[in-house]
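Asker: For reference, the chains in residue letters:
Number of protein chains: 4
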Amino acid sequence: MNTFGITFRLTTFGESHGPAVGAVIDGCPAGVAFDKEILRQDLARRRPGQAHTTTRKEPDEPEVLSGIFEGVTTGTPIAVLVRNRDQRSQDYDALKDLYRPSHADYTYQQKYGLRDHRGGGRSSARETLARVIGGSIAGMMLNEQTDILVKAAVTRMGEIETEHPLAHMDSEQIYASPMRCDDPDAERRMSAYLENLREAGDSTGGVVSVRAENVPVGLGEPIYGKLYATLASAMMSINGAAGFEIGTGFAVVERRGSENNDEWIEENGVLKTVTNNSGGVQGGISNGMPIEFRVAFKPPSSIAEKQMHGTTSGEVVDHSITGRHDPSIVIRAVPVVEAMTLLVLADMWLQTKRW
Amino acid sequence: MNTFGITFRLTTFGESHGPAVGAVIDGCPAGVAFDKEILRQDLARRRPGQAHTTTRKEPDEPEVLSGIFEGVTTGTPIAVLVRNRDQRSQDYDALKDLYRPSHADYTYQQKYGLRDHRGGGRSSARETLARVIGGSIAGMMLNEQTDILVKAAVTRMGEIETEHPLAHMDSEQIYASPMRCDDPDAERRMSAYLENLREAGDSTGGVVSVRAENVPVGLGEPIYGKLYATLASAMMSINGAAGFEIGTGFAVVERRGSENNDEWIEENGVLKTVTNNSGGVQGGISNGMPIEFRVAFKPPSSIAEKQMHGTTSGEVVDHSITGRHDPSIVIRAVPVVEAMTLLVLADMWLQTKRW
Amino acid sequence: MNTFGITFRLTTFGESHGPAVGAVIDGCPAGVAFDKEILRQDLARRRPGQAHTTTRKEPDEPEVLSGIFEGVTTGTPIAVLVRNRDQRSQDYDALKDLYRPSHADYTYQQKYGLRDHRGGGRSSARETLARVIGGSIAGMMLNEQTDILVKAAVTRMGEIETEHPLAHMDSEQIYASPMRCDDPDAERRMSAYLENLREAGDSTGGVVSVRAENVPVGLGEPIYGKLYATLASAMMSINGAAGFEIGTGFAVVERRGSENNDEWIEENGVLKTVTNNSGGVQGGISNGMPIEFRVAFKPPSSIAEKQMHGTTSGEVVDHSITGRHDPSIVIRAVPVVEAMTLLVLADMWLQTKRW
Amino acid sequence: MNTFGITFRLTTFGESHGPAVGAVIDGCPAGVAFDKEILRQDLARRRPGQAHTTTRKEPDEPEVLSGIFEGVTTGTPIAVLVRNRDQRSQDYDALKDLYRPSHADYTYQQKYGLRDHRGGGRSSARETLARVIGGSIAGMMLNEQTDILVKAAVTRMGEIETEHPLAHMDSEQIYASPMRCDDPDAERRMSAYLENLREAGDSTGGVVSVRAENVPVGLGEPIYGKLYATLASAMMSINGAAGFEIGTGFAVVERRGSENNDEWIEENGVLKTVTNNSGGVQGGISNGMPIEFRVAFKPPSSIAEKQMHGTTSGEVVDHSITGRHDPSIVIRAVPVVEAMTLLVLADMWLQTKRW
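Protein chains in written order, with this note's numbering: chain A, 15 to 369; chain B, 15 to 369; chain C, 15 to 369; chain D, 15 to 369.
Check before you lean on any hint, since a few could be wrong.
Because identical chains cannot be distinguished in the list, a pair is counted as satisfied if it fits within a single copy or across any two copies.
Unchecked claim - The calculated lysine-lysine pairs, modelled on DSBU-like cross-linking and capped at a C-alpha distance of 35 Å, are:
(1) Lys-286 with Lys-320
(2) Lys-320 with Lys-110
(3) Lys-110 with Lys-286
(4) Lys-367 with Lys-50
(5) Lys-110 with Lys-50
(6) Lys-367 with Lys-110
I should point out that these hints are in silico values taken from the structure, not numbers from a laboratory.
Looking at chain A on its own, in the form it has when it is part of the complex (with noise of 0.2 Å):
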């Protein structure tokens, strides 16, 4: 199931050390304009080689196969590729036959009795780059035909946390900063946090928060096609998501009713509520208040000290990988589930012109 998507689809492919990688977007309207520049800076966004991330370096460079002519989107479909050029496969010959802890070797093997053991293959992250391709052109879309606004920042990386407010953010700050946090005294700690699991050959996990601000009332489909479903499906299919919240999320468990319920307010002749404890969505169908949701990232799995790894052969070795490892996902995660969440958003407009 390579496919994301009803009506606005987004299909994938690509291993992380084959020839390349790619998306084709499948069912975007007509005649919207076609960026490339903001496509290579969404690229850019998710670029490996940046300070915290790996040092794998890449340009990364979309090459557009079809769907545009003449500066604008046709409605049929979109393929854009992006070529691996930094293949160091041989990093990876140690692997072969090792199953790595907490790693897609050992389900893919079983699954389908082999696997590309390059680089994690298809299981590598570089299939989100992907995924960005069509956050950004969903993005282009929603831009012309909605006022929607899709932030996403670190809330917390291992034990450093920011309360700054969400509704505060703005994207350009975001990704200025390299910890993709726009609270600089959080951002500190957390570049001090990471600097010293990197040293200690280390990794921790994170938060990333989204705010979908403007989204028109009345996305998402009931029963099983809900808002948060659709994102929660969205954000678990990230590699090393654990969980998923919407609104209040887990904090729930210990609000009342009472304290928990969105209220009713009338403001310049339109309702909304006073709280947004339910992270503008009710019922699975978007309220009108901000779209407020966090995923759990865990601890990068690839980490210096020696570890139990299986086997092909149904054995146990201590070894311990070497080559490029990220002491964190959500750094890099952060324009990943923001392209997810441009991506549902697009699909629930899309569906909900025909009511």
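Given the structure of chain A, go ahead and fit chains B, C and D onto it with the hints provided.
Answerer: Relative to chain A, chains B, C and D alone:
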């Protein structure tokens, strides 16, 4: 979108106060023994009218309309109907022009331009009855073809939490408990906690925990059909769900990779992981360890306290909801969570057969 | 696969001799006036017990279980049920271990390992009743939102063919004709033709022709969701269909491009084609001209003559099928063809709204 | 809708004069040996530049971007790209504001508000190249897992028809014939017939016939996924298709049941039918007999003769289409029909595995 699943598909229909709710299961293999007593028991486990749940009493007798012949499934769609008998629609007349706080009233009205206001209409938890039908039949199929065992229980009710290990649970015991919790001490405290809330006319959130044992290696479809992505979608589609986490879940944010990684051991020729922080799924595919996840449910929105309601004419009014209300969703959510888990596993099991 | 359609979806269930057949329509817009009398009439038009169709008499009274509130659709799934009342299952006991020639007995048995042999079970034409329910509601929706008019008639019955132009047809007249043919001369000859066949215990093939008028330009989704591809799939899914052709159809094989091309003219500021050899669809998308296609149906397989049947034990026996049989499918196929056309157009209409 | 199939899914992209056309195959089982030479040969069989097809010459060299590792499929999506090298876009400048008769120019423009007019853009037959890629890989899979053998040939070209039994065909012979017809006498007459048409600047319709042998019993999904319904959809999605018929097909209209029924015989312990008027499919499910169907293709719309074209400004003008044109579609349609047949059978084969 009233259909769930790809290969084993559940389509549901019905409103709270319409003539009936029902389910159509398409894609169930032929030759599965159909046991109506199991279906009756599964529906009884979900039925309201028990301690701490609403007092609406309905027998919920299922009528099988198709797909079963001489006691076994035939491979054709299985349609099952349950009549709505206790329809005190007039109870809801007062709500015709009101939008209750944190209910789906406003969003349905805005999306569709009208709504069946009686008891929440389609957004009522009564729809979950049809999910239990689907889950029951999924369970019959899995029971014949696999050793999969799914257990769900309340592990958190407001301030009360149980540390009782899920591994020790037994479905019989859980359903014998009015709190759907097999830790007798926690159960007592939950019960008292709920009694207080009921007297106060208030409600509380909670957590349902799930453990699926003996799940074969290889279930789950990368990239967008990952097992936890599909489980997340299934769980977040249940009324009142606010969060989903698998394995370590949100606690992962403070974990280091060296703590959180699941190292491999070999046991009787089979590779297993020492810990199960991944919750039985790696790279979106089951790894043979128990699948463990949790779902947070918000406090029921219907409380006795006066709250600001919206109105269809765009104003707000102070209003108190009368009628039958639960102080907690989680008790009744247990069999629904279990049903959705069975549906996901049945679907993934059948999808995996083609590989 | 018991669901048809992408946006306007029909799911059907039910066996010939089970308790009921039914339909769930998902994706119908909210606010469409639901007229039960139209549904009754549409079901009556399909009903057996009329001249030249089987003598099985059932009222086929529809029961609406969901999706309608205060006379209009609510956007939630519409479930409609029709009970099977006249279940002389014992009529079919003789067929339990037999595979009738050109029936689905053998293939169902082989695919599923078992089958409901009573009256063909799920493969019975009684399933088409559920299609008529879906088509009826699709028609109510299209009637409100478009000027689309779908007409179907028998234009060929064995040796008898009518050249009566479809453009002159009127649904009332067609359904007033026991042959579903508005050419009185052809009707008379068809009637006599069938009478002879009935006496001989034999059956004949035929053709149903369709003309959909006032179809807006732009319906149909390239590449694999072309309007005629979807119509072909819809028609070939009807019991007994043997061929589908659009516009010139198979007669195209002897045509030259210079004869077959539809040249353009301008009429009152609107572009039209002089001829309509394309049958109203170009490149898979409706061009505003009437959509015209034909479906060939084979002679019913149940005939009085003794024929070699297979048996479940792998032998063959000479056997004569007793019971109620039609000498022709096409008469009863007319409302089914019409219903499937309406379903396709409703689906395409809603899909097109997003562009 | 640029995706075909449910379990074995083909997604295609690309315009006639864009940078490339390509295919993404999702759902192909892992471990299938991938033979690039077979893919090259299948593409060569479709390639123009041969006698009686357009003179546009392109090597159509496929580049595999993903899904293959060490010579076998990995279960991940297989992306294959073919560059468009011979892009004489200026040839089409004259057509920018014209709607050619019986082309998709007008309908694309109306549906999307704009179109890539160069060479028909997405509606060009060049898209069928991506289908051949999909069919080629479907064939490799079926070849490993089944004995299925699919053969297609031209059996009708305008007035010329061959009665050569499909059973005697051999794919090698057919593709060795420039007419894709293994009846040498018919081939000679077709060739002369086409030569005359080419000189006259005109075109002709024709028929491609298919015979799929050794298809296992049980492929096809009732009710709406019947094998012939899916085949019909696949065939009618090919550019220029005007009709589809299976088994007896339209000739069924004059047949009596007593003539058309396929009686059973037992052969070496296996049940077979004496005749194969059902074309190998009964009740939508394959019965083990050869699957036999035919597809009618219209005469190519691009002819030398002056014809009335529409214009984007709503007028009509007399115009003669210059450039490279085929007098017949059927020759080039043969490998496309074959590819779509393989795709349908691969999909049905995998779907059937779950039963």
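Asker: Evaluate each hint against the coordinates.
Answerer: Hints and how they fare:
no.: 1; hint: Lys-286 with Lys-320; result: between (54 Å within a copy, 18 Å between copies)
no.: 2; hint: Lys-320 with Lys-110; result: within (17 Å within a copy, 64 Å between copies)
no.: 3; hint: Lys-110 with Lys-286; result: between (56 Å within a copy, 19 Å between copies)
no.: 4; hint: Lys-367 with Lys-50; result: both (27 Å within a copy, 28 Å between copies)
no.: 5; hint: Lys-110 with Lys-50; result: between (38 Å within a copy, 25 Å between copies)
no.: 6; hint: Lys-367 with Lys-110; result: between (49 Å within a copy, 26 Å between copies)
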